[in-house]
Amino acid sequence: MTGARGIGAGGWSRAVAATMAALLAVLIVAPVGAIFLSSFYDGGPSLSAYADFLTDRRMLAATLNSLAVATGIAALSVLVGVPLAFGVARTRMWFRGLVSAAMILSLISPEFLLAMGYILMAGPNAGYANQALRAVFDLSATSGPFDIFSLWGLIFTALPNGVAFVFLALVPALANMDPALEDAARLKGASPLRAVIDVTLPLMRPAILAGALLAFATSLAMYGAPEMLGIDVLTVAIREALLGLEFSTASVASVTLVALSALALGLQRALLRHGDRYRVLGGKAFAARRLDLGAATHLLSALAFLYVMVALILPYGTMIAVSAMKSIGNGFSAGNWTLQNFVVVLGDPSIRQAVWLSFWLAAVTATVVIVIGVLTAYVILRTRLRARSLLDYASILPLAVPGTAIGFALIVIYLNWPGNLTGFYGTAMILLVAYLARFIPIGVRNGQSGLLQIAPELEEAARVSGSTEFGALMRITIPLMLPMLVYTWLLVFILAIPELSASIILRGFGTQTVATSLLSVWNGNGGLAVACAYGVCIFAVVSALFLLAALVGRRSPAIRKSIFGGG
Amino acid sequence: MTMTRPVALAIAGALMATQAAQAQDGALRIYSAYPDEHMQALIEGFGKAHPDVDVQVSVQPGEQLLSTLELELRAGRPQADLVGLNQASIAALQQAHQAFATYAPAELDAVRSEVRDPSGTSVPACVNLYLLQYNTNAISEEDRPSSWNDLLDPRWKSQIALADPASSQSVHSFIWFISEYLPSQQDGSFGWEYFEKLAQNDPRLERSHGTIRDMTASGERPLAVQLLANGQTSANRGDPTSLVWPEEGSPGEISSFAMFENAANPEAARAWLDFIVSAEAQAMMPAALGCAPVRNDVDYRFPDGTAVGDVTIVPVDADFIAAERDSQIDRFNAAFGR
Amino acid sequence: MTDHAAPGPRPGSPRQAQDLRLSDVRKSYGAFTAVHGIDIDVAAGSLVSLIGPSGCGKTTTLRMIAGLEPLSSGRITSGAVVLSDGALSVPPERRDMGMVFQTYALWPHLRVADNVGYGLRRRGMNRTEVAERVRQVLAIVGMDHLADRYPGQLSGGQQQRVALARAVASQPRILLFDEPLSNLDAVLREQMRFEIRRLQQELGITSVYVTHSQDEALALSDRIVVMESGRVVQSGTPTEIYDRPRNAFVAGFIGLSNILDLSSASLNGGVLTGSYHGTPVMAAAGALDRAGGGMRRISVRPTDIRIAGPDAPAKTGVNRLPGTVASTVFTGGLVDTFVAPDADPHALIRVQSAPPAPAGQGMRVTLEFDPARSVALED
Ligand SMILES: Nc1ncnc2c1ncn2[C@@H]1O[C@H](COP(=O)(O)OP(=O)(O)O)[C@@H](O)[C@H]1O
Ligand SMILES: [Mg+2]
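Protein chains in written order, with the UniProt record's numbering: chain F, 1 to 567; chain R, 1 to 338; chain X, 1 to 379.
Calculated directly from the structure, the hints in this document are not laboratory data.
Only a predicted model underlies this, so the values are computations on that prediction, with no experimental measurement involved.
Check before you lean on any hint, since a few could be wrong.
[Claimed, not checked] Some chain F residues judged to face chain X by a derived CB distance under 8 Å, without partners named:
(1) 151
(2) 457
(3) 461
(4) 468
[Claimed, not checked] From the derived model, a few chain F residues whose C-beta atoms are all more than 12 Å from chain X:
(5) 11
(6) 187
(7) 197
(8) 203
(9) 267
(10) 290
(11) 295
(12) 347
(13) 384
(14) 416
(15) 454
(16) 462
(17) 471
(18) 537
[Stated by the list, open to error] Pairwise CB distance ranges, derived in the manner of DEER restraints:
(19) F:29 to R:97: 45 to 53 Å
(20) R:74 to F:201: 50 to 58 Å
(21) R:301 to F:75: 56 to 64 Å
Just so it is clear, CB atoms sit at the ideal spot from N, CA and C, and this is done for glycine as well.
Starting from the given sequences, assemble the full structure and let the hints guide the process.
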């Protein structure tokens, strides 16, 4: 009924709003603007870049590939994610805990790491899975049956991540559903399965859509896996155009990519407009009731087993095995085992430098993102300044801008006047700018949901008791938001460590990050076995951090919910 | 305004940290296309004579390094003192930006004349040859191809790997050799038709020779057009691979170093260039960069036993490659129907 | 971290109560006007209630007094101090007020003692002084034994007491209450009502009390301000409002009331005379100065009507309406008798009397009521 309510009209909140507006303008609006403006510039205002794009066969193919891959991943993620989520939340299938854990690990394991495992498993000629299948079925062919270096291979590689998005969006929704809704259908004569299909699934539409569109958008933005598999998608095309210094091609490809992501996000918003039609929560907490589906339970268990194997155990198992090989060519043979690859990883100064830089960047990014997030959310929700809705839009803009496009935009900005005056180009600062732009939406969105849970009266009571606006924020609001802030910090930190798509475009001297250095180790600066050792170490560290967060969060219901209950 | 303090602090902290990383005295910063493991041996050798210089290396695949440098030069501030790239790429950058200083190390005269850079911009470090590498588990010694022409045999369909000129700088030497050099030697079966025929065998176009080395070793692509340096690495690791010196000969790509005009540490940069052509460093080249020394007074035998002093290396036409890079990529893509 | 110490004397020292004055205060949200230029005077040390139906602008008014909401226009002053003048406004932290929120707004991450002591620390008291004052205030509301609890570990009534203690701890110049009792059960509500009144009178703090409950307003207030749709409809002492409601809205909102429509009304001295569907009825004119074209409404409180037998003799100076009992409802302390008057059989007149029920359903009765207790309304 009421709009924003609050007392932030004083000089202080104006100053904060102005500062946030300036920061968002520099970090977000300028890059997005640069992408669009540079696409219309060719010595003067011009549409020639678009004309070139439309007649460039490889660019059109890349656009179609991007769309096909993202659509395929979104569709298959729903196909696999929905039964698994249902199985975990509502049935007695086996491996429920295992599946939940695997989903979270899939989410924090970058897709290029999985790509490494899958290339080793499903390379058409020498992939271990292919060799094993040819041996078992006595096939005379020397290649196949799987070919990871294909569109399907790319879809397959990004699938565990997409499935995790759908799963994590759906499980809490299923667990919170009022069982009376299904009971009502049962009383009208529906079988348990019928009730699920007729009542539950339609009610889950928003959650399924949210997960699917997240899968779609992240698949569009993915860079590492397609580049390793050699599939031309838009992100790879942008990078290749940049390598050839074809800025106008890169800008039109970026605009196309941004337009596709924005379309997906817009579609989601439009489809979820009638949110209250899907309100399924009763007033109280429910113990999710588990259905007995008979034989179908075993089908779900089999799917669960398959997922855990394919998404986690096989690829990482393969990588662990390869990481301990002297020569990848001698395979699983005696005498081919060594720990030397780990020694190389731990001893290499440039790897150490990359790891240090990534941790530093991730920590600074996470810290700045929560500060910007809280203050921007505060301006949006607690003041009546006219600019607040602009801040709202600006802060979520990067959701539609893939890292590759942000990287491109920052090159344009910091190579030209006045950005070049900062001297950021080629230094870690430009990476920081990119990371901030990428992760600010998480900070602002979490800041808003955290702030929404705090009644404005609590701040007002502090004001009446003699606190300034800033004092109330520091003593009342921030302490109350602390669990959310800690969780957001960890989330951004964990997501920032393996950032690849912007980092690789912006890397300069000594600004290799974990992801770019891992990719370059994979691409020959060390080799597959060392890369596997490196990847296994990174995965172990990130998982350990996550575990730590989960342990810390066990004390706080807010964190526990946000980590394990979707968000 | 009190509230902006945390933001300001965080950003100030960030600035300070990067500044601190840049302003180390006595640091020599090298951008290199040669892998870290190769550079480490050279740095150790250099360090014996110059213990006070802190050598820092940033490695990127050649083509990526080329574009990184291109952009940094446009921004007006290359982040390093030295760059390690092949002669053709350095020539290309010099043509566009005149960013490198000319420098002739004292012992340059000892270097074989055919590999020296006539412009004096780049200092040759070693010669890297294009050879055939094959997986000995997948291909027997009798079956192995012995010439570039043998790669056109349909039995190698889906078995070959080759670097993509759009993302590898080195492979331009090989493409020049096939498309320009061999036809100029009146060898009718080469030229762009070679690549059109090669395309029929569906070779995998990889982004870097390092990846190709691992694919050959694993058997994923058991046959590859590979650089000597990577063959050497494979041999060091005990990979089941071997090298073939093709009958038609090999283009010699000249791995080089050059220093920037406005290098922050020009003394150390010159010291590095002096070191590179020293007999001591040249003796390390096969083990370090995995390639052939450029001094005739340094003994080296290729993997097939040929002594380096006994062969005539065909040095690639760096100027042609630098000038024709884009059109060569286009012609290559056309030949492959991309 | 620059909280300003509030002006005024240090908490704990005796101080002069201040009045509070709202002049032509208006508040709009876009095109919608929530408060239409109201004037309210609160005498120093007194308690004024703002009462009215939900959405009439009470909370908005209170928040403007607290400085939590900017004014669209108008002035708020206290003594010689201008608190708000149009868009210019002293921020809440420098108004030296205490406020009890409808939801209590206790800070869940602070113990009871820290909740109560928060404002004292902001006003620059040292730790020992704060601890001492907190103990005193908690003792006043009977919560000193729970000082180390967190708000989440308290019952609703206890939370209410803590909120009260927090509001008065710093001896503010003005105390504001926004429906502080609406979340409590009936028994507790009554008890707290008296405690608030006792505390307010003991401390002598000028107070504004927002409520939509007539019982609370009547029991607590020195003066009552009745609001409707962002306007003040009537203000006065509880007795004035109860005995002399200006219109049907006030009559119905403060206490129960029977509204009778009179025709051919005429004003004669202090007395209004008219016809209730043919039966002559007289009422006190109150502030009314025009008969208003002959159509007038009067209000008669159910407790001011007596039920007499059908044949009771007529008395001069008493209004009489014969009728039939439609129903009786026993509500504990009182009996409600609903009578359909012969003059207008579709209407029902409500009568309240002490038990037992004076008449049963279907019985013929005569309703008698005093013109002096019947009030002519302005609308
Ligand atoms: N921030 C706001 N924006 C728009 N309308 C508001 C806002 N706050 C209150 N209102 C409106 O002003 C009117 C008065 O509200 P309020 O003062 O809360 O009423 P109450 O008398 O119940 O306390 C209501 O119609 C309410 O919808
Ligand atoms: Mg209210």
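Against the structure, the hints:
{"no.": "1", "hint": "151", "result": "violated, 53 Å"}
{"no.": "2", "hint": "457", "result": "holds, 4 Å"}
{"no.": "3", "hint": "461", "result": "holds, 4 Å"}
{"no.": "4", "hint": "468", "result": "holds, 5 Å"}
{"no.": "5", "hint": "11", "result": "violated, 10 Å"}
{"no.": "6", "hint": "187", "result": "holds, 37 Å"}
{"no.": "7", "hint": "197", "result": "holds, 42 Å"}
{"no.": "8", "hint": "203", "result": "holds, 32 Å"}
{"no.": "9", "hint": "267", "result": "holds, 31 Å"}
{"no.": "10", "hint": "290", "result": "holds, 32 Å"}
{"no.": "11", "hint": "295", "result": "holds, 48 Å"}
{"no.": "12", "hint": "347", "result": "holds, 47 Å"}
{"no.": "13", "hint": "384", "result": "violated, 9 Å"}
{"no.": "14", "hint": "416", "result": "holds, 41 Å"}
{"no.": "15", "hint": "454", "result": "violated, 9 Å"}
{"no.": "16", "hint": "462", "result": "violated, 7 Å"}
{"no.": "17", "hint": "471", "result": "violated, 4 Å"}
{"no.": "18", "hint": "537", "result": "holds, 39 Å"}
{"no.": "19", "hint": "F:29 to R:97: 45 to 53 Å", "result": "violated, 32 Å"}
{"no.": "20", "hint": "R:74 to F:201: 50 to 58 Å", "result": "holds, 55 Å"}
{"no.": "21", "hint": "R:301 to F:75: 56 to 64 Å", "result": "holds, 58 Å"}
The earlier numbered hints that this structure contradicts are 1, 5, 13, 15, 16, 17 and 19.
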